[in-house]
Amino acid sequence: MGTFKLPDLGEGLAEAEILEWHVKPGDRVLVDQPMVSVETAKAVVEVPVPYSGTVTALHGTVGDIVATGAPLIDFDSGTVVGSMPATSEVEYVDSAKIGRARGGVAARNRAVPMARALARRFGLDLADIAGSGPGGLIKLDDVLAHAQMDAAQSQLRPEGNQRALAVPAGATAEPLRGARRAMAHSMTLSRAQIPLSTVCDDADIHAWSQRGDYMLRLIRAMISAWRAEPALNAWYDAASNSRILLKHIDLAIAVDTPGGLIVPVLRNIQNKTPEELRAAIAAQKDAAHQRSTTPEDLRDFTLMLSNFGTLAGRYGIPLVVPPAVAILGAGKVRKDAVAVGDMVAAHRRMPLSLSFDHRCITGGEACRFLAAVIGDLEHPQ
Amino acid sequence: MLEAPPRKPWHNSQMRTVAEFKIDYKQILDPRGEIVAPLPKFAAEPAEVLRMYRAMTRVRVFDAKAVNLQRTGQLGTYPSSLGHEAAHIGVGAAMQPEDVLAPVYREFGTQLWRGVTMKEILLYWGGDERGNDFGRPRHDFAWCVPIATQTLHAAGAAMAFKLRKEPRCALAYIGDGGTSEGAFYEALNLAGAGTLPVVFVIVNNGWAISVPVARQTATQTLAQKAVAAGIPGVQVDGNDVFAVRDTVAEALNAARRGAGPCLIEALTYRLSDHTTADDASRYRSAHEVKEAWALEPLIRVRQYLRNSGAWTEAEEQALLKDCTREVDAAVNEYLNTPKQSTDAMFDTLFAELPLHLREQRAIARKYGAKPRGH
Amino acid sequence: MTMVEAIAMAHGWEMQHDPSVVVIGQDVGANGGVFRATAGLQARFGTDRVQDTPLAEATIAGMSVGMATHGLKPVAEIQFMGFMYPALDQIVNHMSRMRYRTRGRLSCPVVIRTPHGGGIHAPEHHSESTETMLCHIPGIRVVCPSSPARAYGLLLAAIRDPDPVMFLEPVRLYRAMRQEVSDDGQALPLDHCFILREGSDVTIVTWGAMTIETLRAVGELESQGISAEVIDVATLSPIDGETILASVAKTGRLVIVHEAARNVGVGAEIAALVAEHGLYDLHAPVQRVTGFDTIMPLFRLEHDYIPCVQRIVDAVQLTLTD
Chain A
1 MGTFKLPDLG EGLAEAEILE WHVKPGDRVL VDQPMVSVET AKAVVEVPVP
51 YSGTVTALHG TVGDIVATGA PLIDFDSGTV VGSMPATSEV EYVDSAKIGR
101 ARGGVAARNR AVPMARALAR RFGLDLADIA GSGPGGLIKL DDVLAHAQMD
151 AAQSQLRPEG NQRALAVPAG ATAEPLRGAR RAMAHSMTLS RAQIPLSTVC
201 DDADIHAWSQ RGDYMLRLIR AMISAWRAEP ALNAWYDAAS NSRILLKHID
251 LAIAVDTPGG LIVPVLRNIQ NKTPEELRAA IAAQKDAAHQ RSTTPEDLRD
301 FTLMLSNFGT LAGRYGIPLV VPPAVAILGA GKVRKDAVAV GDMVAAHRRM
351 PLSLSFDHRC ITGGEACRFL AAVIGDLEHP Q
Chain B
1 MLEAPPRKPW HNSQMRTVAE FKIDYKQILD PRGEIVAPLP KFAAEPAEVL
51 RMYRAMTRVR VFDAKAVNLQ RTGQLGTYPS SLGHEAAHIG VGAAMQPEDV
101 LAPVYREFGT QLWRGVTMKE ILLYWGGDER GNDFGRPRHD FAWCVPIATQ
151 TLHAAGAAMA FKLRKEPRCA LAYIGDGGTS EGAFYEALNL AGAGTLPVVF
201 VIVNNGWAIS VPVARQTATQ TLAQKAVAAG IPGVQVDGND VFAVRDTVAE
251 ALNAARRGAG PCLIEALTYR LSDHTTADDA SRYRSAHEVK EAWALEPLIR
301 VRQYLRNSGA WTEAEEQALL KDCTREVDAA VNEYLNTPKQ STDAMFDTLF
351 AELPLHLREQ RAIARKYGAK PRGH
Chain C
1 MTMVEAIAMA HGWEMQHDPS VVVIGQDVGA NGGVFRATAG LQARFGTDRV
51 QDTPLAEATI AGMSVGMATH GLKPVAEIQF MGFMYPALDQ IVNHMSRMRY
101 RTRGRLSCPV VIRTPHGGGI HAPEHHSEST ETMLCHIPGI RVVCPSSPAR
151 AYGLLLAAIR DPDPVMFLEP VRLYRAMRQE VSDDGQALPL DHCFILREGS
201 DVTIVTWGAM TIETLRAVGE LESQGISAEV IDVATLSPID GETILASVAK
251 TGRLVIVHEA ARNVGVGAEI AALVAEHGLY DLHAPVQRVT GFDTIMPLFR
301 LEHDYIPCVQ RIVDAVQLTL TD
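Protein chains in written order, with this note's numbering: chain A, 1 to 381; chain B, 1 to 374; chain C, 1 to 322.
Derived by calculation from the structure, the hints in this document are not laboratory data.
Note that beta-carbon positions come from the ideal geometry of N, C-alpha and C, so glycine has one too.
Mixed in with the good hints, there may be bad ones.
Derived pair list, reagent style DSSO-like, types lysine-lysine, alpha-carbon separation capped at 27 Å [said to hold, decoys possible]:
no.: 1; chain 1: A; residue 1: K5; chain 2: A; residue 2: K24
no.: 2; chain 1: B; residue 1: K290; chain 2: A; residue 2: K5
no.: 3; chain 1: B; residue 1: K321; chain 2: B; residue 2: K26
no.: 4; chain 1: B; residue 1: K162; chain 2: A; residue 2: K5
no.: 5; chain 1: A; residue 1: K5; chain 2: B; residue 2: K8
no.: 6; chain 1: B; residue 1: K8; chain 2: B; residue 2: K22
no.: 7; chain 1: A; residue 1: K97; chain 2: C; residue 2: K250
no.: 8; chain 1: A; residue 1: K272; chain 2: A; residue 2: K335
no.: 9; chain 1: A; residue 1: K285; chain 2: A; residue 2: K247
no.: 10; chain 1: A; residue 1: K332; chain 2: C; residue 2: K250
One-sided excerpt, in silico: chain A residues whose CB lies under 8 Å from chain B [unchecked claim]:
no.: 11; residue: G212
no.: 12; residue: Y214
no.: 13; residue: A228
no.: 14; residue: P230
no.: 15; residue: A231
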């Protein structure tokens, strides 16, 4: 218990009269809060609480005269240093939980900081990116790969960042569906992923004994070329940077239909007889025109052929759809002026354009393949 | 004075005494104001006695005001020196200006005598480091809160004086509780081993916060701790300003002459609480305090002055008025001193502020609270 | 009750149930401690079990070693953290390594309690928060409670722990709040963080009195639509890194708040921990909001030293800006 005495209120005033107590015994008080009003000869003076504590007794009531230095009020306070309340009215709301009591939290979207920053720069959501690191950690390359894909696909995303074009009067916007939509997707993919290179040449077919079944001859030539140069019948796996040389050829053939480009697949052509091939081609063409090609017949091709020459065009730069790595484009057969010895003659020739994925096919491989195709095509039968 | 409990020697084998100790005690002015020992020269000069009495009154008036400031929320926790005026003024008057004082935190009488200002004292206890930046003496140590550490500082300063062959002394205060700290023993030991010009003054006021001296130690006196260090130790009546001044002056002279250190135990009583936030009635009796008041130091000097016809009531009142006026002016200055800017947290940390702290100084400026009152 | 009352209550419970527990320190007996943390104990358990020691911190720490290695469980008070330093020799050179150097033959079940930190207008040297010094010492635990209930439960755990525990009691919290605390002798676990608030946008890690500013900052952030998770480290050494890392995995952002100076503060250890084990969860650099690397100023400037609510809010905002 500490007794606080009436302090010297200034200029040697000897006493003061208690006018009003602002605290009472039992009150928990804080330093500086109003404690008592006293009147001196000069003025009414507010005496603040001198130090925090609990009021235990008042020495005097209203009207009493207290001498300077006489006991005024008793406190119970609680410290040797500093300024601290005797207690608190602040109620502590405790919602604490002991740590390590929760189950393991699955970490979401763990990414190397640079990858995270890059994703942010590209406007990519980490949740969409597959991480190739341990535990699904997203690394820089993952973001880069995804960014390329994403850049390609952003044109297809209706909710993408691009503003729709203003459709001029009289015209209508026709959303691409079905085969057209698929083509937009696969060609965009091709462009985004494959460093394409194309080599062109002509096959001189003037020696053919019978006019012909260009498709069959082309297919036979491709099989023959594959035997000479197997590298073009392969898949490229970007994730592992490896190529898979295939022991069979599933040939995708481009079929033009009113509904769009359909690219059905002829399976295992290396094992099929010409009759079987013809039947397969016919069947697939029918199905394409009837829009009944099954999804299974569109998948998993290993090599591609586009005989656009049935329509028009000499050379082209046909696109390879991944994971395949090569496509042969055949242009319109026509008579060309060719050099025969030192003379010029008119020979029927088939223009050929071989596009290949230059990540895993060398120019040499491609040219050897093409040479083999030409060699077979130039055979009289 | 503590009476030793009779102790039987614990050994029964025949041993011969190789060393003994005795502790002498001095009192010149007794509680009634009577002279009980030969008067030192300074005490024979009324002007000098008056000078000391004025100083004792001044510090008491200041001290009361400081307590009041704390009580009214205008000063932080404050350690009152009530009852210690003779010890403090006696020491102050015995020291030379070029000597170095290593205080604890209660010896305002000594500091005011030596030139520390009331405003500086108030600033420090009001939470402002500028209080430690004494205008004078520039060489005195600042207040020292970690108990007993100042004794080693004093010994070190004394070492510097000795190495430079300066005729200066260091004087360290310590409380009764402080004599339990290792640093105290180490300082005495060092001073003795090095024959250092340092005087240690124990102000034994009976209490270390709530712990009485009897619980601090088994020794009969605190002065005899000097024996363990091989240095002289004496006791004086700490409420007798003549005895304190005379003994300390002798000790300082000896030290100055190269005779080495001395330990002086001044017996007094802590009439106040340990600090303004302590409540001594929790652990000691009102009766004990009342008895101690009868022995307090101002009474006897006042009486001595009156007895010699050198002091009247009118002069007493005038003195009180003078002191009050001086104190009020200092308080006013203190209350009107705005707090330091946040830069003060960085300015004197190093001689030159390192780079990383410039950043932090900027942060502190940015978030600095507006200057407040007290 | 307040924290300081809860601390006294914990002493009482444990002394009642374990006769080997002894309280020592300056002014802990008749005075009940300068903050009343040991109020009533000497009257209840006597002067042998609640002892006022001589004024010497090295004595307090050293005698604790002697008492603890020989069957007692001393709960020793160092009156303020600023006076801990003479005791460091005994703590570092003996208490921390007694079990280790005797291969388990001798050990020190000691608790050293001390008021920690500033903010109560105390005199010089009375506002220290130098917990880093202690955390760096292997062989001792360092604990800092932030509520009356946790002070009760953690002190019981500390006294029951067979190894030395430094129990740092934030002065600013001693009487800052009241809470129902049941005197049931239930200890809380050491070496565990406490999750004071759950949130999803940022993790704020803190301890001691800074939980006050942190929770205020969290309120402000909430009004800005930011959801903060608040973790009270509680045991500063050894740190429960698991809880912190799990939280950072959830939020991706971390702000550490402590009153102690920045340089080599415990916040640096936590930041390093997260850099090592949680880097891939971070969306932004770790922020530390700390006291400045200067001497704790006298009390007129102490609230310019102690990190304010705005600094915490600003640090959180920093983690959220790209």
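These are the hints, each one checked on the structure:
no.	hint	result
1	K5(A) / K24(A)	holds (16 Å)
2	K290(B) / K5(A)	holds (17 Å)
3	K321(B) / K26(B)	violated (34 Å)
4	K162(B) / K5(A)	violated (50 Å)
5	K5(A) / K8(B)	violated (50 Å)
6	K8(B) / K22(B)	holds (18 Å)
7	K97(A) / K250(C)	holds (16 Å)
8	K272(A) / K335(A)	violated (32 Å)
9	K285(A) / K247(A)	holds (25 Å)
10	K332(A) / K250(C)	violated (62 Å)
11	G212	violated (84 Å)
12	Y214	violated (78 Å)
13	A228	violated (71 Å)
14	P230	violated (66 Å)
15	A231	violated (61 Å)
The structure does not agree with the numbered hints 3, 4, 5, 8, 10, 11, 12, 13, 14, 15 stated previously, though it agrees with the rest.
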